[in-house]
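Colleague: Protein chains in written order, with this note's numbering: chain A, 9 to 164; chain B, 3 to 764.
Just to be clear, a hint being listed does not mean it is correct.
In the EDC-like style, the derived pairs of lysine to aspartate or glutamate whose C-alpha atoms are separated by at most 20 Å in a straight line are [stated by the list, open to error]:
{"hint": "1", "chain 1": "B", "residue 1": "Lys117", "chain 2": "A", "residue 2": "Glu131"}
{"hint": "2", "chain 1": "A", "residue 1": "Lys130", "chain 2": "B", "residue 2": "Asp514"}
{"hint": "3", "chain 1": "B", "residue 1": "Lys114", "chain 2": "A", "residue 2": "Asp32"}
{"hint": "4", "chain 1": "A", "residue 1": "Lys77", "chain 2": "A", "residue 2": "Asp32"}
{"hint": "5", "chain 1": "B", "residue 1": "Lys114", "chain 2": "A", "residue 2": "Asp27"}
{"hint": "6", "chain 1": "B", "residue 1": "Lys693", "chain 2": "A", "residue 2": "Asp32"}
{"hint": "7", "chain 1": "B", "residue 1": "Lys693", "chain 2": "A", "residue 2": "Glu131"}
{"hint": "8", "chain 1": "B", "residue 1": "Lys4", "chain 2": "A", "residue 2": "Asp97"}
{"hint": "9", "chain 1": "B", "residue 1": "Lys124", "chain 2": "A", "residue 2": "Asp27"}
{"hint": "10", "chain 1": "B", "residue 1": "Lys117", "chain 2": "A", "residue 2": "Asp27"}
{"hint": "11", "chain 1": "B", "residue 1": "Lys13", "chain 2": "B", "residue 2": "Asp514"}
{"hint": "12", "chain 1": "B", "residue 1": "Lys13", "chain 2": "A", "residue 2": "Glu86"}
{"hint": "13", "chain 1": "A", "residue 1": "Lys130", "chain 2": "B", "residue 2": "Asp71"}
{"hint": "14", "chain 1": "B", "residue 1": "Lys637", "chain 2": "A", "residue 2": "Glu131"}
{"hint": "15", "chain 1": "B", "residue 1": "Lys117", "chain 2": "A", "residue 2": "Asp97"}
{"hint": "16", "chain 1": "B", "residue 1": "Lys58", "chain 2": "B", "residue 2": "Asp71"}
{"hint": "17", "chain 1": "B", "residue 1": "Lys637", "chain 2": "A", "residue 2": "Glu127"}
{"hint": "18", "chain 1": "B", "residue 1": "Lys451", "chain 2": "B", "residue 2": "Glu580"}
{"hint": "19", "chain 1": "B", "residue 1": "Lys121", "chain 2": "A", "residue 2": "Glu161"}
{"hint": "20", "chain 1": "B", "residue 1": "Lys637", "chain 2": "B", "residue 2": "Asp699"}
Simulated from the structure, these hints should not be mistaken for lab results.
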Amino acid sequence: MQITLTLNDVRVSEEIAPDMLLIDFVRAHGCKSVKRGCETSNCGLCTVFMDDKPVLSCSVLAARADGHKITTLEGLQEEAAEFGAFIADQGAEQCGFCNPGFIMNALALFREQPYPTEEQVKEYLAGNLCRCSGYEGQLRGIMSFLAWKKQKEGVQ
Amino acid sequence: MKTVNKPFRKKDAMQLVTGQPVYMDDIIPQDCLIVKLLRSPHANAIVRTINTAVAKKVPGIEAIFTWEDVPQNARRYTQAGQTYPEASPYDRLLIDRHVRFVGDVVAIVAGKDEKCVDKALKLIKVDYEVLEAVLDFHTAKDNPILVHPEDNWESLAPVGADNKRNLCAHDECGNGDIDAVLAGCDVVIDHVYHTKACQQAMMETFRTYCSIDTYGRLNVLSSTQIVFHARRNIANALHIPKSMVRVSKPRIGGGFGAKQTAVSEVYPAFVTWMTKKPSKLIFSRVESQTASSPRHEMEMHVRLGATKDGIVKGIDLYTLSNTGAYGEHGPTTVGLSGHKSIPLYGKAEAFRFVSDVVYTNHMSAGAYRGYGATQGLFAVESAVNELAHKLNMDPIALRLKNTVQEGDVMPAYYGAVNTSCALDRCVLKVREMIDWEHKYPARDMGNGKIRAVGMGMAMQGSGISGMDVGSATLKLNDDGFYTMMIGAADMGTGCDTTLAQIAAEVLDCPLDNITVFGADTDSSPYDSGSYASSTTYVTGKATEKCAMKLREQICKLGAELLGCPADAVEFDGKVVFESADPTRQKTLSEIAFASQFGHKIPLEFTETHTSPLSPPPYMVGAAEVEVDTETGEVKVLEFDACVDCGTPINPNLTRVQAEGGILQGIGMTLTENITYDRNGYPEENSLFQYKIPARNDIGHIHVEFENSYESNGPFGAKSIGEVVINTPLPAISDAIYNAIGTRFYELPITPEQIAMAVTAKH
Chain A
9 MQITLTLNDV
19 RVSEEIAPDM
29 LLIDFVRAHG
39 CKSVKRGCET
49 SNCGLCTVFM
59 DDKPVLSCSV
69 LAARADGHKI
79 TTLEGLQEEA
89 AEFGAFIADQ
99 GAEQCGFCNP
109 GFIMNALALF
119 REQPYPTEEQ
129 VKEYLAGNLC
139 RCSGYEGQLR
149 GIMSFLAWKK
159 QKEGVQ
Chain B
3 MKTVNKPFRK
13 KDAMQLVTGQ
23 PVYMDDIIPQ
33 DCLIVKLLRS
43 PHANAIVRTI
53 NTAVAKKVPG
63 IEAIFTWEDV
73 PQNARRYTQA
83 GQTYPEASPY
93 DRLLIDRHVR
103 FVGDVVAIVA
113 GKDEKCVDKA
123 LKLIKVDYEV
133 LEAVLDFHTA
143 KDNPILVHPE
153 DNWESLAPVG
163 ADNKRNLCAH
173 DECGNGDIDA
183 VLAGCDVVID
193 HVYHTKACQQ
203 AMMETFRTYC
213 SIDTYGRLNV
223 LSSTQIVFHA
233 RRNIANALHI
243 PKSMVRVSKP
253 RIGGGFGAKQ
263 TAVSEVYPAF
273 VTWMTKKPSK
283 LIFSRVESQT
293 ASSPRHEMEM
303 HVRLGATKDG
313 IVKGIDLYTL
323 SNTGAYGEHG
333 PTTVGLSGHK
343 SIPLYGKAEA
353 FRFVSDVVYT
363 NHMSAGAYRG
373 YGATQGLFAV
383 ESAVNELAHK
393 LNMDPIALRL
403 KNTVQEGDVM
413 PAYYGAVNTS
423 CALDRCVLKV
433 REMIDWEHKY
443 PARDMGNGKI
453 RAVGMGMAMQ
463 GSGISGMDVG
473 SATLKLNDDG
483 FYTMMIGAAD
493 MGTGCDTTLA
503 QIAAEVLDCP
513 LDNITVFGAD
523 TDSSPYDSGS
533 YASSTTYVTG
543 KATEKCAMKL
553 REQICKLGAE
563 LLGCPADAVE
573 FDGKVVFESA
583 DPTRQKTLSE
593 IAFASQFGHK
603 IPLEFTETHT
613 SPLSPPPYMV
623 GAAEVEVDTE
633 TGEVKVLEFD
643 ACVDCGTPIN
653 PNLTRVQAEG
663 GILQGIGMTL
673 TENITYDRNG
683 YPEENSLFQY
693 KIPARNDIGH
703 IHVEFENSYE
713 SNGPFGAKSI
723 GEVVINTPLP
733 AISDAIYNAI
743 GTRFYELPIT
753 PEQIAMAVTA
763 KH
């Protein structure tokens, strides 16, 4: 079947198998940041944006993306580097395999809720598993990023 | 120190957080053969006939291999990544007619895409002769059903193995007259403890890509912690010379010991060797959960005796370990259950430690962070907590009376001297961190919830004494930057960075002046690999020695350029200058350029290190839990820990290692379990059923350091990677006891068990 979508601001039109998953479609188009961790929608590694909302691309058919806008970390490099630097400053990226999905979902959180509390962070990112860090360093990184952002944006 | 003990970012950090393609499946050609495995549905069976004729006709199928393609009487091999002499028995064939667990390999299918391979897998017809299986490890030893009845089974090292008794290993050791000591004790705690075969559950499943290179050799790019051992495993499995195999690793998406076994390597290696075409095998999460290399299930019988004043006088431990269908890491993990738990008690006058490792028809166990110490420490530390309750003593006060001290000889730790130890300081620190005085033992919150605390101690090793070998190569390049080559594997732990920090410290240069390459069997200097908490202590020391040697070489060439003797110059990291007249100098880049033009003093050096000692890092952890007496739910509100890892080379990375290890230990205590149904089918085959902690499952983890200085390690460092997983098990178990008055001797402790225990009391 034929689908047309916008992938990281580039229009893509392609013939695909009807059972193709979105994760396989975006990886085939060079978006290698998108990782498969579980196949059962448990781990959050494959998080991408569909029309600016986070979805698990292992559980979305590529056909469902027809006519929609898909964004992966490849399309958010500046934001990823800006926020990711705070994770790196904690050493909390560790093996890095869960980072793209986790960072996508964190960026989604910041768009919905610019200054979330610690509890809101934990709640929103609960579906992003990480086996290396124990999450504590990720949380430190997020909170110091938010403090920096507040200061930069002059928010009291 | 300028570089060591500083919280530098990992060298690969920004690449990782921006999602660059650095892992195996990101960087390989996408048009390679897809390899999948047909797996046994039976726990113990012989393949009577296997018919692949129809499956081979599926368009796109390149090859299907079965036991008929593998000589059944040839030498067997192990997938364990271990140093010579390999302790794990040679008990595998690449494809064996006799399948020994649900998930054992029956056929290898390779084709041009997933669809055709999936279709072919369904069309292979197998007729099995189903045999009775050994599924209860208590009944395995001397069971008439043998997991490995074959005559070409082989044990290479004297570990007490006997395949005709289902024994993968047996050992007995001790010191003093334990029976007499226990008979003279005022109190003896006598219990059996049971821990399960937990999964490492690293986010990146097992995966390997293979191709044939310019020279006709087999090139293996694998997510592995052990490139050199994997080369041996592959050559042995395929019965080809090691010279025909090259193994390298890209970034690794987590290992935790899982990838210290060549779980996925041999299958695509065989496909590529036979077809001469590139191929890849990526394990699904189901395969990673059910046909991999989890922790050894262990049952430990502890008899621990003490005086009424709380002095531990003797420990008698019997460990029964379940290695599953194959013996990977079986003979070695079990030793840690005693050798890394008993020595914590420095005043004990005697110990005995007996162990059996048995084969069963479960998936093969392997290496998982903690490697047996985790299991043993749960048993021994739980027994000590129970002792404290029995004596009506504070468990912390009891620990302070008993902890092993710096300078002590540790009979249960191979008679080694405790060269560096701040264990008692760690105990005191944790008491303060968690506010033990106010929180111990429990507080009823008045809403059906009880808050309680518990604690435990831990030790591990730093490499395998007298065995592990670490190496580093350093090279000075034009412009004056250095290249470092290592065979240790950074699996997210950050050793590319920490080893470079050690080199930069010695070479007096910024960290960015050192680029790191590793690991590749063709170009890295030999290294046992990244396991056994060896990288910082063993490879780190090799790196330090190597950088010292390279400094000497730089001075030598600098002196030649200055026209003076080598002992008349000094090097400050930027220039070599004459001691008597510092204005006479040559810059590092001048020296580097000279080394490439008309000079023969090499500015490249390899240094190798091994250590007769394995200095233990120590740790103390305390948990505050909240138990809901109605639902049985346990929440860890706070876990406070203090570690003595010697000098932390990178305090950020050391801290995150500790936090991550603690959360894995929490998972093992409360939710992570592998169970088998009565046919031997493993039930927790996804991250749905196998529950690893999410970030909203816990409160906070706090880690502090009370460091000793280990004079045999690089800049005083010991290891950190494994010790950190051990304390949550006894700490949380005791906290639950303090909350509800019931003691659990088996992990995980589930809400159902707690709710039922609470109900039974009322």
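Colleague: Each hint should be assessed against the structure and marked as holding or not.
Modeller: Hints versus structure:
no.	hint	result
1	B/Lys117 with A/Glu131	violated, 38 Å
2	A/Lys130 with B/Asp514	violated, 35 Å
3	B/Lys114 with A/Asp32	holds, 16 Å
4	A/Lys77 with A/Asp32	holds, 16 Å
5	B/Lys114 with A/Asp27	holds, 18 Å
6	B/Lys693 with A/Asp32	violated, 26 Å
7	B/Lys693 with A/Glu131	holds, 17 Å
8	B/Lys4 with A/Asp97	holds, 18 Å
9	B/Lys124 with A/Asp27	holds, 19 Å
10	B/Lys117 with A/Asp27	holds, 11 Å
11	B/Lys13 with B/Asp514	holds, 8 Å
12	B/Lys13 with A/Glu86	holds, 19 Å
13	A/Lys130 with B/Asp71	violated, 52 Å
14	B/Lys637 with A/Glu131	holds, 15 Å
15	B/Lys117 with A/Asp97	violated, 43 Å
16	B/Lys58 with B/Asp71	holds, 15 Å
17	B/Lys637 with A/Glu127	holds, 15 Å
18	B/Lys451 with B/Glu580	violated, 73 Å
19	B/Lys121 with A/Glu161	violated, 56 Å
20	B/Lys637 with B/Asp699	holds, 7 Å
In summary, the structure is inconsistent with hints 1, 2, 6, 13, 15, 18 and 19 from the numbered list given earlier, while agreeing with the others.
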